[in-house]
Structures are given as structure tokens and as C-alpha cells.
Amino acid sequence: MNTIVYLIFRRMRRPLLTLLIVYSVSILGLVLIPGQDASGNPWRMDFFHAFYFVSFMSTTIGFGEIPYEFTDAQRLWVSLSMYAGVIAWLYAIGTILTLVQDKTFQDAIAEHRFARRIRGQRQPFYLICGYGETGSALVRGLTDVGQHVVVIERDAQRANMIKLENLRDYVPTLHGDAQKPLHLQEAGLESPCCEAVVAVTNDNEANLKIAISSKLLHPSIKVICRADSADVEKNMASFGTDHIIDPYETFATYLSTALRVPCLYLMQRWLIGHIGDCRLADPVYPPKSQHWVVCGYGRFGKAVHQRLVEEGIEVRVVEARPDLTGEPRHGVILGRGTEADTLLQADIETAGGLIAGTDNDANNLSIVVTARDLNPNLFIVLRQNQSDNGSIIDAVKADMVMHPSRIIADRIRMLLGTPMLHRFITQAYHRDNDWSCELVSRISAIVGRCVPELEEVSIDEYHAEAVTDALGEGEHIRIGDLLHDSWQRDRQIRCIVLLLQRGEEEILLPGPETGVQPGDRLLVCAGRGGLRRLYWNMQNAGILSYVRTGEVRTHGWLWSKLFRNGSGNGH
Amino acid sequence: MNPEKVVFGFFIVLSLTLNFGFFVGELDNPEHHNVYELFAVLVVNLIATILKFGDRSQMGAVLLATSLVAILQLLAAALVWTVAIHITGTGLTPEITASIVSLSGGAMLANVISVILLIIETVMLRR
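If you're matching them up, the sequences are chains A and B in order. Under our numbering, the first residue of the first sequence is numbered 5, with each subsequent residue one higher. Under our numbering, the first residue of the second sequence is numbered 29, with each subsequent residue one higher.
These aren't lab readings, by the way, just hints derived from the structure by calculation. Ideal Cβ positions, reconstructed from N, Cα and C, are used throughout, including at glycine. There is no bait here: all hints are sound.
Below, in silico cross-link-like pairs of lysine to any residue (SDA-like), each with a Cα-Cα straight-line distance of 20 Å or less:
1. B:33 <-> A:22
2. B:33 <-> A:10
3. A:306 <-> A:356
4. B:33 <-> A:21
5. A:219 <-> A:195
6. A:292 <-> A:316
7. B:33 <-> A:13
8. B:33 <-> A:20
9. A:226 <-> A:242
10. B:33 <-> A:14
11. B:33 <-> B:96
12. A:107 <-> B:82
13. B:33 <-> A:17
14. A:306 <-> A:335
15. A:292 <-> A:379
FRET-style restraints, in silico, Cβ to Cβ:
16. A:543 <-> B:89: 55 to 65 Å
17. B:150 <-> A:167: 43 to 53 Å
18. B:115 <-> A:24: 24 to 34 Å
From just these sequences and the hints, can you work out the full model?
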């Protein structure tokens with residue numbers, strides 16, 4: 005606010021001075037010039053009347069001559085004063101109008117409005133720096149599930165685009181450079197409601213700078229960063245950045261999950277899907293017995309190459325510029341992979357899988373089409389570099405698509421919304437494939453073809469009043485009790501508890517006999533309406549006692565009073 | 029040399045000198061206090077105040093405050109004068125004159141503070 009006031013005053017100095025001088029000279033002139041009263045006696049105007057007359061003179065010309073008709077000398081002076089006054093007023097009003105249209109002024113007002121909005125924010129929010137492909141996917145994903153976000157974007161056009169996105173929630177956007185701590189502060193970094201800072205600009209250095217500023221200014225805050233190189237990653241980790249996301253490493257982990265535990269990979273894709281999407285992904289089974297061909301040995305190629313080798317798979321690498329990218333121990337096949345020759349050199353006809361991983365979408369598509377001609381049964385992993393190419397990438401129907409922005413956005417959404425899912429997947433990775441497949445079929449049974457709802461449920465007074473009350477009376481409540489249907493007790497509601505967290509302890513897929521305690525957190529995966537039923541069971545004492553014991557108990561004040569009185573009087 | 033400082037210094041000192049000129053004389057004798065002088069003090073003080081608009085420095089803010097005080101006192105004096113002459117018609121009795129002049133005396137005190145602040149600022153700059 006201060007900036008705006010100062011800006012106005014500073015600009016208004018000159019017009020105000022002009023007005024003041026014109027007014028005082030006019031007033032003084034009127035006081036000094038002799039006039040006469042109605043009967044012709046000499047008379048001089050005093051300051052009071054002069055001020056009154058000059059005040060209405062320039063704005064309402066023709067109001068009349070007061071208190072007596074003017075002499076010609078006075079009229080001459082007034083006509084000069086009128087012109088001077090009108091010009092001074094036009095100058096002042098013109099300056100105000102210019103100021104209102106001024107870019108600096110408008111920016112100052114926008115910044116002030118933004119800051120006021122953030123100060124008034126009373127609900128937890130996430131601060132997202134950078135509104136590129138990743139940022140926009142993330143903002144949409146988070147607002148769709150009712151989270152609040154604040155965005156800082158350097159590019160004015162991109163920042164304005166948010167208004168056109170038709171998001172569910174209003175997203176305050178600051179057009180500014182998130183590398184400047186001042187802008188982070190204005191965007192609410194130090195606010196107690198700010199839960200996490202997400203740095204997803206396309207510039208590694210900028211992300212690093214944001215991470216440092218955030219950790220210094222608000223040490224307890226969660227910081228999630230995108231990083232594309234190992235150097236920057238190490239640097240970020242050195243000052244305690246909570247999560248560093250490298251899209252290539254992340255995808256390589258997915259690939260090794262798909263190779264080792266295909267069902268877990270499928271489950272993971274279902275669980276981090278967008279709510280409301282009713283086209284659940286199909287399982288993929290990457291072949292492990294034949295060799296794979298990797299086209300492009302950049303950051304992505306290196307990451308997947310390493311994972312494939314770890315799984316004991318033979319890999320042939322095709323790379324056009326090994327002098328720039330370096331090469332693996334067993335050498336590379338020179339070429340881009342877009343022509344049949346190089347692919348044949350890599351024995352594409354007998355290969356099991358192909359990874360089209362160059363940084364050019366056209367080349368990647370060309371590689372896939374050429375390779376399919378030579379070997380139609382290939383398992384295809386396609387790297388998508390630009391969102392705009394989505395439709396042609398989909399048309400190729402690759403088995404796995406690696407889209408950096410989407411991978412980062414999905415992962416951050418998971419880390420922010422349901423961090424327990426991250427722990428669940430880490431634990432499940434060490435179980436065998438059959439365990440995952442069984443769970444996948446259970447999930448499939450409750451959700452049908454739609455993406456399951458996923459929520460972290462706390463056993464506390466706010467979310468589960470009835471449960472904490474019952475536990476406080478020393479009763480024992482098992483997870484299985486909570487999952488009965490409150491309409492028909494012998495039926496189950498559509499919920500699966502994936503993980504139970506109790507302090508440091510974690511129980512993977514707790515059975516129905518597992519007891520709950522106050523302060524527990526449950527990761528619940530639910531079909532349609534499942535979560536609502538679960539909350540009913542946990543919040544209403546009457547319903548809770550029914551689903552636990554099958555008895556209907558009345559809790560109404562009037563009813564229990566009548567009932568007690570009735571029995572007490574012996575009627 | 030900063031022309032802004034010269035202009036402001038000129039007006040603030042001028043408003044003090046004019047104010048003093050209006051103030052001196054017998055407190056309750058209207059003959060000793062000229063209406064033109066009060067007008068001049070008011071105008072010059074207004075100019076000095078506007079010159080301090082939008083000054084973000086600490087000194088600028090304090091100078092703006094003292095000038096505003098002076099303006100307030102002078103406006104009150106002018107208002108008393110107008111009411112006495114035109115509205116109640118009592119004229120410049122000794123009591124009225126005394127109250128006008130003492131109000132302008134208050135304004136003079138504010139102007140003195142402004143000038144002292146100005147001198148302090150100048151001395152600090154020299155170092």
C-alpha cells in the first residue's frame with residue numbers, strides 16, 4: 005500500500021503546486037483590486053469571499069459575481085484567473101488519469117492486491133514457483149482435489165493464462181521472479197498457512213535459489229524441487245530440500261518397477277491417477293528375456309540403461325553424438341535410430357524392447373515407426389518432450405510414455421496430497437508380484453473402471469469423534485469394524501486400508517483384526533461413496549455401535565429420558 | 029547541489045520568517061498583525077508541505093509531519109478570523125486577536141522544528 009500512496013503523492017506534487025499557486029495568486033489579486041458595493045462606495049473584497057469565489061470560479065464558470073457586481077478591473081483579473089484555473093485543473097486531472105494507466109502503477113496495485121489476498125489466506129496452501137507445463141498440470145491436479153495454491157511466474161503472458169484456465173479454485177498469481185526472496189515473501193512463504201514450496205521452473209539454478217531461500221526463511225517448510233542434473237541434486241540435498249525430483253530417474257524407477265513387479269506398477273498408476281478419470285490403465289509386461297535397444301544416450305538414456313542393466317537385461321545403445329553424451333562400457337552403435345540400418349545393426353528383429361529416448365519428438369516417433377516395421381512385437385517406451393505433441397504420441401500407442409512434465413506433476417501431487425502413498429509404494433516394492441496382483445484385484449473390485457479415491461484419514465477428534473470417544477471409554481475398535489456398511493452390517497463399504505501409520509511404526513495392508521488407536525493415520529483407497537460411509541461410521545456414535553455390534557442404540561436426549569423414566573416408574 | 033533541497037529549504041525558511049513576522053507584536057492588538065502576512069504564511073507553508081509529498085526517507089516523513097501540524101494551526105487561525113469577521117460579526121476583539129496570534133505561534137513552533145531538522149540533515153550530510 006505504501007508504494008502506491010508514495011507513487012501517487014510523488015506524481016501529484018507538481019500539479020498540486022500548480023493549483024496552489026494559481027489559487028493563491030487569484031485570491032490575492034481579487035483582494036487587492038478595488039471594487040465597489042451596490043451603492044457605488046469603494047469596497048475591497050476580503051480573503052474569505054475571495055477564497056469562496058475562486059473555489060467555484062474555475063469549476064463552475066458563470067455562477068455569478070458575489071457579493072457585489074464586479075468592476076471592470078476585477079472582471080479583467082477574473083477572466084485571466086479563469087483560464088489559469090481551468091488549465092491547472094486539467095493538468096491535475098490529466099496527471100491522475102495518466103498515473104492510473106501507468107504500467108508501474110498498475111503493477112504496484114496488482115502486487116498490493118496479491119499481498120493482501122495472501123495475508124488474508126487462512127487455509128493451508130502450497131506455493132508453486134513456475135507455471136510452465138509442469139506447473140500448470142500440478143495446479144490443475146491440486147485445485148481439482150480442493151487444495152489451495154499460490155503461483156509465482158516470471159512470464160507475464162503465462163501468469164495471465166491462469167485466469168483463463170477455468171480452475172475450480174481462485175489461484176492468486178504473482179507476476180514476478182521467484183528467485184527474489186521478496187517475491188517469495190509476498191507470496192506468503194513465511195505465512196504459517198504455507199505448507200510447502202514447489203520449485204518447478206525450467207531453470208535448475210532458479211530452482212536451487214528458491215530452495216535455498218525457502219529453507220532459510222522458513223526452515224520447517226517442506227520444499228520440493230525439480231532438478232535435471234546430478235550436480236544440482238546434490239547441492240539441493242545438502243541443505244535439506246525434502247524432495248528432489250529428477251524426471252529421468254523417476255521414470256527409470258517406474259521402468260524397473262514395471263520390470264520387477266508389474267502389478268505394483270499398475271497399482272501405482274491407478275492410485276496417482278486423476279479423480280474422475282474412468283479409463284483405468286491396463287497392465288504392461290515389459291519383456292525380460294530378450295535384449296533391449298536404447299536410442300539416445302542422454303540423461304534419460306543413461307538413467308534407463310542403468311536400470312535395465314541392473315535387471316540383468318542386455319542393452320544395445322544407439323547414439324548419434326557419443327562424443328557429447330559419453331558412451332557405456334560396451335560401446336554404442338553410431339546413428340540416430342531413425343533409419344533402418346542402425347536399428348538392424350542393433351538386432352532390432354530379435355529385440356524385446358525399444359526405448360525411443362532422444363530429446364526430439366519427431367525423431368522419437370520416426371524411430372518407433374521404423375522399428376515397428378522391422379519387429380511388430382516390440383515393447384515400446386517413448387519419450388515425449390513437448391505437451392503439444394500429445395495427440396500424435398497417443399496415436400503411436402506406445403506401451404509406456406515418458407513425459408517429464410507429467411511425471412513430475414503427478415509425483416509432486418502425490419508427495420503433497422498423500423505422502424503416505426509414497427511410503428506405501430516404497431514398502432510394497434519389497435513384496436513379491438503375487439502380493440501386488442492380489443491387491444490390484446481387490447482394488448479393481450471396489451472401484452470398477454474409475455480411478456480410486458485416496459485419502460489419509462486421521463483417527464482424531466475432528467475426523468473420527470465417535471471412534472476417539474469409544475477408545476477413550478476403553479473399548480477396542482478394529483479396522484474391520486469400521487468397514488461394515490451402516491445400512492446392512494453384513495456388507496462391506498468400498499474401502500481398503502493400505503497403510504496404517506502409528507508414530508514411527510508402519511503397518512502395510514493392516515488386516516481387519518488390527519486395532520486402531522487415537523493418533524493413528526490410515527491411508528484409505530476407496531471406490532465411489534466409500535470415504536463418505538467411512539466417515540459416517542467414524543463420526544456418529546450410534547452408527548459406530550451398530551457397525552461394531554449389530555445393535556441399534558438410541559442416543560437422542562428425549563428418547564433416552566422417556567425410556568429411562570418409563571422403566572423407572574415400572575409402567 | 030540538489031535543486032530539490034534548495035527549493036524546499038527556501039520555502040520552509042520563508043514560511044518560518046513570514047510566520048515570525050505575523051507573530052511579533054502585541055498579542056491582542058489587531059493593528060500589529062496583518063491579514064496579508066497570514067495569507068502568505070499559509071500559502072508558503074502549503075507549498076512546503078506539497079514538496080514533501082512522496083518523500084520516502086525518514087527525515088522527509090518527519091518534515092511532512094511538522095509541516096502538516098503548521099498547516100493545521102494556520103488553518104485554524106484563518107478560520108477563527110473568518111468566523112469572527114463574517115459569521116458572528118464580533119470583529120477583531122483583543123480576545124479573538126490573541127487566539128489567532130497564539131495559534132500562529134504554535135504553527136511557528138512547528139516551523140522552527142522543521143528548520144532545525146533541516147539543519148541537522150545538512151550537518152549530517154557534511155560529515
